[in-house]
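K.L.:
Chains A and B are the protein sequences, given in the same order.
Going by my numbering, the first residue of the first sequence is number 161, and it counts up by one from there.
Going by my numbering, the first residue of the second sequence is number 161, and it counts up by one from there.
For the record, the hints were derived by calculation from the structure and aren't laboratory data.
Do not rely on the hints blindly, as some may be mistaken.
[What the hints assert, rightly or not] Computed list of lysine to aspartate or glutamate pairs in DMTMM-like fashion (alpha-carbon distance at most 20 Å, straight line): (1) B:Lys521 <-> B:Glu584; (2) B:Lys189 <-> A:Glu528; (3) A:Lys383 <-> A:Glu396; (4) A:Lys504 <-> B:Glu195; (5) A:Lys189 <-> B:Glu528; (6) A:Lys544 <-> B:Glu293; (7) B:Lys413 <-> A:Asp541; (8) A:Lys476 <-> B:Asp541; (9) A:Lys417 <-> B:Asp518; (10) A:Lys556 <-> B:Glu195; (11) A:Lys550 <-> B:Glu255; (12) B:Lys544 <-> A:Glu293; (13) A:Lys189 <-> B:Glu195; (14) A:Lys550 <-> B:Asp292; (15) B:Lys377 <-> B:Asp366; (16) B:Lys351 <-> B:Glu380; (17) A:Lys477 <-> A:Glu251; (18) A:Lys543 <-> B:Glu293; (19) B:Lys504 <-> A:Glu195; (20) B:Lys189 <-> A:Asp509; (21) B:Lys593 <-> B:Asp577; (22) A:Lys383 <-> A:Glu358; (23) A:Lys597 <-> B:Glu195; (24) B:Lys501 <-> A:Asp203; (25) B:Lys413 <-> A:Glu517; (26) B:Lys417 <-> A:Asp518; (27) A:Lys550 <-> A:Asp509; (28) A:Lys417 <-> A:Asp389; (29) B:Lys163 <-> A:Asp468; (30) A:Lys167 <-> B:Glu255; (31) A:Lys163 <-> B:Asp440.
[What the hints assert, rightly or not] Taking beta-carbon pairs under 10 Å as the criterion, some of the chain B residues facing chain A (in silico): (32) Pro166; (33) Lys167; (34) Leu169; (35) Glu195; (36) Ile507.
Note that beta-carbon positions come from the ideal geometry of N, C-alpha and C, so glycine has one too.
Number of protein chains: 2
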Amino acid sequence: MNKVQPKTLSGFMELLPNEQVLFNQMQDKIRASYEKFGFLPIDTPVIESSEVLLAKAGGETEKQLYNFTKGDNNLTLRFDLTVPLAKYVAEYYNEITFPFRRYQIGKVYRGERAQRGRFREFYQCDIDIIGDENLNIINDAEIPAVMYETFKSLGLDNFTIHINNRKILNGLFEAADVKEKSVDIMRTIDKIEKIGKETVIAIFKDDYNMSEESINKIVEFIKINGTTDQMLQKLEDFEIDNELFNAGVSELKEVVKYIRLFNVPEEAFKIDLSIARGLDYYTGTVYETFLNNYKSIGSICSGGRYNDLAGYYTDKKLPGVGMSIGLTRLFFILNDIGLIKADKNSISDVLVISMVEDLSKAIEIANELRNANINTEIYFDNKKIKSKFKYADRLKIPYVIVIGEDEIKSGLLTIKDMNKGTQEQMPIEEIIKKLIK
Amino acid sequence: MNKVQPKTLSGFMELLPNEQVLFNQMQDKIRASYEKFGFLPIDTPVIESSEVLLAKAGGETEKQLYNFTKGDNNLTLRFDLTVPLAKYVAEYYNEITFPFRRYQIGKVYRGERAQRGRFREFYQCDIDIIGDENLNIINDAEIPAVMYETFKSLGLDNFTIHINNRKILNGLFEAADVKEKSVDIMRTIDKIEKIGKETVIAIFKDDYNMSEESINKIVEFIKINGTTDQMLQKLEDFEIDNELFNAGVSELKEVVKYIRLFNVPEEAFKIDLSIARGLDYYTGTVYETFLNNYKSIGSICSGGRYNDLAGYYTDKKLPGVGMSIGLTRLFFILNDIGLIKADKNSISDVLVISMVEDLSKAIEIANELRNANINTEIYFDNKKIKSKFKYADRLKIPYVIVIGEDEIKSGLLTIKDMNKGTQEQMPIEEIIKKLIK
Chain A
161 MNKVQPKTLS GFMELLPNEQ VLFNQMQDKI RASYEKFGFL PIDTPVIESS
211 EVLLAKAGGE TEKQLYNFTK GDNNLTLRFD LTVPLAKYVA EYYNEITFPF
261 RRYQIGKVYR GERAQRGRFR EFYQCDIDII GDENLNIIND AEIPAVMYET
311 FKSLGLDNFT IHINNRKILN GLFEAADVKE KSVDIMRTID KIEKIGKETV
361 IAIFKDDYNM SEESINKIVE FIKINGTTDQ MLQKLEDFEI DNELFNAGVS
411 ELKEVVKYIR LFNVPEEAFK IDLSIARGLD YYTGTVYETF LNNYKSIGSI
461 CSGGRYNDLA GYYTDKKLPG VGMSIGLTRL FFILNDIGLI KADKNSISDV
511 LVISMVEDLS KAIEIANELR NANINTEIYF DNKKIKSKFK YADRLKIPYV
561 IVIGEDEIKS GLLTIKDMNK GTQEQMPIEE IIKKLIK
Chain B
161 MNKVQPKTLS GFMELLPNEQ VLFNQMQDKI RASYEKFGFL PIDTPVIESS
211 EVLLAKAGGE TEKQLYNFTK GDNNLTLRFD LTVPLAKYVA EYYNEITFPF
261 RRYQIGKVYR GERAQRGRFR EFYQCDIDII GDENLNIIND AEIPAVMYET
311 FKSLGLDNFT IHINNRKILN GLFEAADVKE KSVDIMRTID KIEKIGKETV
361 IAIFKDDYNM SEESINKIVE FIKINGTTDQ MLQKLEDFEI DNELFNAGVS
411 ELKEVVKYIR LFNVPEEAFK IDLSIARGLD YYTGTVYETF LNNYKSIGSI
461 CSGGRYNDLA GYYTDKKLPG VGMSIGLTRL FFILNDIGLI KADKNSISDV
511 LVISMVEDLS KAIEIANELR NANINTEIYF DNKKIKSKFK YADRLKIPYV
561 IVIGEDEIKS GLLTIKDMNK GTQEQMPIEE IIKKLIK
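Just chain A, with the same shape it has in the complex:
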C-alpha cells in the first residue's frame, strides 16, 4: 500500500511526551497563579464568525488570518484571546459580575511566515480585569503582580517587568503638536541607541518640521533615567503644560505605589518610558517583560490598560487591563537557552514488574497504589526481566516494584529506587507511606 508521509505542518509545535509533561507543568503553574488571584476561567471557541472576530481588526493582522467558508458562514480562527473576550463580555454582559476577573489559556492562530521560534498555532495565557464604566487604577498594579508570581512559580527570577503609561507619551506628543506623527516619532526614538541623538534630532527637524522647543522637550524627556523614584520625581518636575501627561505621571506613580504593596521586589519591575505597544489599543498603563540576560528575545509577557474593550459590540463602556504570556514561544525559548529541561519521561511514580506469569498480585499491588493516588503502571508483556527494567529506564520511572514467588509468599515487596540504584524490601503499606512523602 502507498504510504502517506506522517508529517506535522511547519510552524506547529508538537512535543515528545517528556517535553509535553514539562509544558503541561508550566501551564498548570500559570493557571494556579492566575487562580490564586481569583481569576475565573473562560473557554471561547477557536472558530468564530468572521464578522464578529474581525469587527475591529485590520491591516497587519488580516493577512495572517486563517479564514474560510463553511456552508454560508464566513469563519475565522481566533488570532488572540482579547477579541473573543470582548465578544464574551458584550454577549453575556447581564450575567457577568463586574469587575470581571477572567483568565483564558488556549490556542490561537496566526499564519505568520514560518521561522525558528515563531509559531502559527500557539498558546496564549491571558488575564484581564474588566470594569463596568470604571476600573480602579490599583488593578493596573495587580496585573503585573500576578505575572510576577507566575514567573516566580515557573522558576524564573532574572526578569523585569517594564512599565510605562501611554498618557505620558501621548501628552508629550500632544504638547509638542506632533500627535498625529507619534507612531513615527516613537519608531525614531526607538532607534536612538543605533543612530545617535544628533541624527534623531535632525530627523525631527527635517522630516517632521518640529519646532526647536518641541525637539528640546522630547530630548529632555528621553534623557529621564535613574531609579524608579528618581524617574517619578523627574516626571513630576518635568515642565510641560499638558493634562494628559500629568494624568499619566500620576497614574504611573499610583501603579508603582501599589505594585510595591503587592510585594513585587524593586529589581523585578522598572519604569521604561520607551515602551508604547500597539498605538491605538492601549490608553494608559502598558507593560512588557524581559529576561534580563536574553533581552534580544523580546518581551515574553505584555499588555496594558484600555479604555474600551468592546466598543465594536456594545455601547457599554468597559475599561480593562490585562497581560498575556505567549506560552508556546516562551516554552521554546526557555528550552532553547536551557533555563528549563524536560527530564521527566513518565507521568508514573512506580512501575510494577511481575517475575511470575500470573499477574494477579501485580494488579492487586497496582490497585492499592492507585487508590493512594500514586501514579502507577504495570508491565504486562511476558518478556525477560531485562526488557522490563529497560522500559522503566527509558521512561525514567523513579521506582520499580518487583513481584516474584518470594514476595508473594512473604508479603514483603522489593522496591528499587531507579535513581539511586538501591533496593529495599517492605510491605505495601510502607511502600505507600514512602511514596506519598
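With chain A held as given, fit chain B onto it using these hints.
P.N.:
Same frame as chain A, now just chain B:
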C-alpha cells in the same frame, strides 16, 4: 458607530464562568485518573495537512470536515484524536517507548447539522495503549478499568461499560457465509426489539438468501444471555466451527478475568454481544458505556482494540486499544439531566474588603493568604459596604475578611462565613489555618 452583534456560532459550546469552573473540574478529574494509570500527555495541532489527516478517512466523515486552503496548503481541522495519534506514533516511532500509553484531551471539529446537544467543536478525552508488533490482551481490561475509575471520580456511579469482541461477530458471520453482508445483518439484528424475531428471520431468508442453518445459528447466538459467567459459558459451549469466533470468546474471557482483578465491580460492566462499533476499524474488544437511567442518550464513552493503528503511514504493525470520552456532550447531558450542578461562581476562597480608604492593610492580608496558596481577591472599588458584600454574594465567595480601623489597630480581623452568615474575629495566622483545613 454601527455595532456588530456579539454572537457565538451555533453548535459551539461557550459557558458562563460558573459552568466553566465545573467543566474544568471534570476535565481535571479525567486527566488525574488517566495520569494515575501512567498515561502520558500529548498535544497535537488542531490544524493538519489534509493529505495526512484524510489518509484513511472517507464517506460520512468527509462531509463534516472543516477543510480550507492557506497559501499552497490544503488544511483540515482534526475531527478526532485517533488519526493525529496514528500520525504522531508513525512520525516519532523511533523516539517513543512502547507500549506507548498516551492520553490526549483536546478540541475536535465536525460540521454536523446543528441540533440541541450536538456540538461542532467538542472536547475528546482519549486514552490509548499502542504496542509495537504485539499488545497483551490485559490492556483490553485495563482501558475500561481506567474509565471506571474516571467516571467514579466524576461522581457517577450508575453506569455500565458494555463489552464485546468483534472476532465473535465476525466469526459468526464468517461461519454463516455472510461475512460481506455483516454490516447490514448487524443493523437488522439491532432492530430485533422493534420489529420482532420473526421479521428478522424473514429478512435473513428473503433479503440475504441465508440458509436455514445459518439463520438458526444467528438466532441461537442472539438468544445468549444471563450473567457474565453464564454468557461466557454459553459462548464457549456454542457449537461453531470457526477459529475467529473461538479466539474472540477466549479474548473476552481474559478481558473479564482481568477487569475483575482491576477491581471493577460486577455491576459496572457487562458482556453485550450486540455492540459492534464502526465495522472496519476495530478488530477485537469493543466498548460502549451507558448511564443506566439514561440509555437513550447513547454511549458516553466508547472504543476498542485495533490491529493496525497507522497502516496508512508506516509498515510498522502498531496494534492498540483505547477509549474516548466526548466531554462536551457529556457535560451538556449531565448538566441537562441534573446529575451535575454549577454551584461555584468563583475560583476565590476569600474576598478581602477594606472599610478604610487606604488599602495597604487589605493588600498585605491578601499577600499572606496567597502565599499560603489560598485563592484570594481584594475588592478595590471605593463603594459602599453593601456593594462590596453584594459582589461576594453574586460570586458566592465563601469567606469575606473585613478590614476596618479597629481591625488594623487590634490585628484581629473579622472573617465572615458567607454560607453560614456567621462571623468571627481572629489574627491572620488563625484565618490561614482555618482556611487551609
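K.L.:
Taken at face value, is the distance from the CA of A:Asp468 to the CA of B:Lys163 at most 20 Å?
P.N.:
holds, 14 Å
K.L.:
Would you mind confirming whether the straight-line C-alpha gap from B:Lys351 to B:Glu380 stays at or under 20 Å?
P.N.:
holds, 16 Å
K.L.:
May I ask you to test the interface hint for B:Leu169 with respect to chain A, counting a Cβ-Cβ separation under 10 Å as satisfied?
P.N.:
holds, 6 Å
K.L.:
Has the given pair, B:Lys501 with A:Asp203, been kept, meaning a C-alpha gap of at most 20 Å?
P.N.:
holds, 18 Å
K.L.:
Against the 20 Å threshold, does the CA-CA distance of A:Lys476 and B:Asp541 hold or violate the hint?
P.N.:
holds, 19 Å
K.L.:
For the pair supplied as a hint, A:Lys550 and B:Glu255, is the alpha-carbon distance within the 20 Å limit?
P.N.:
Holds, at roughly 14 Å.
K.L.:
Take the C-alpha atoms of A:Lys417 and A:Asp389, compute the straight-line distance between them, and say whether it is at most 20 Å.
P.N.:
holds, 10 Å
K.L.:
Hint check: A:Lys383 vs A:Glu396, CA-CA at most 20 Å. Holds or violated?
P.N.:
Measuring from Cα to Cα gives roughly 14 Å; hence the hint holds.
K.L.:
Straight-line Cα separation of B:Lys413 and A:Glu517 no greater than 20 Å?
P.N.:
Status holds; Cα separation ~17 Å.
K.L.:
Check the hint pairing B:Lys377 with B:Asp366 against an upper bound of 20 Å on the C-alpha distance.
P.N.:
This hinted pair holds, its Cα atoms lying about 17 Å apart.
K.L.:
Does the alpha-carbon distance linking A:Lys550 and A:Asp509 stay inside the 20 Å limit?
P.N.:
Since the Cα atoms of A:Lys550 and A:Asp509 sit roughly 16 Å apart, the hinted pair holds (cutoff 20 Å).
K.L.:
Hint check: B:Lys544 vs A:Glu293, CA-CA at most 20 Å. Holds or violated?
P.N.:
Satisfied, since the Cα-Cα distance of roughly 17 Å is no more than 20 Å.
Violated hints for the displayed structure: none, as all numbered hints are satisfied.
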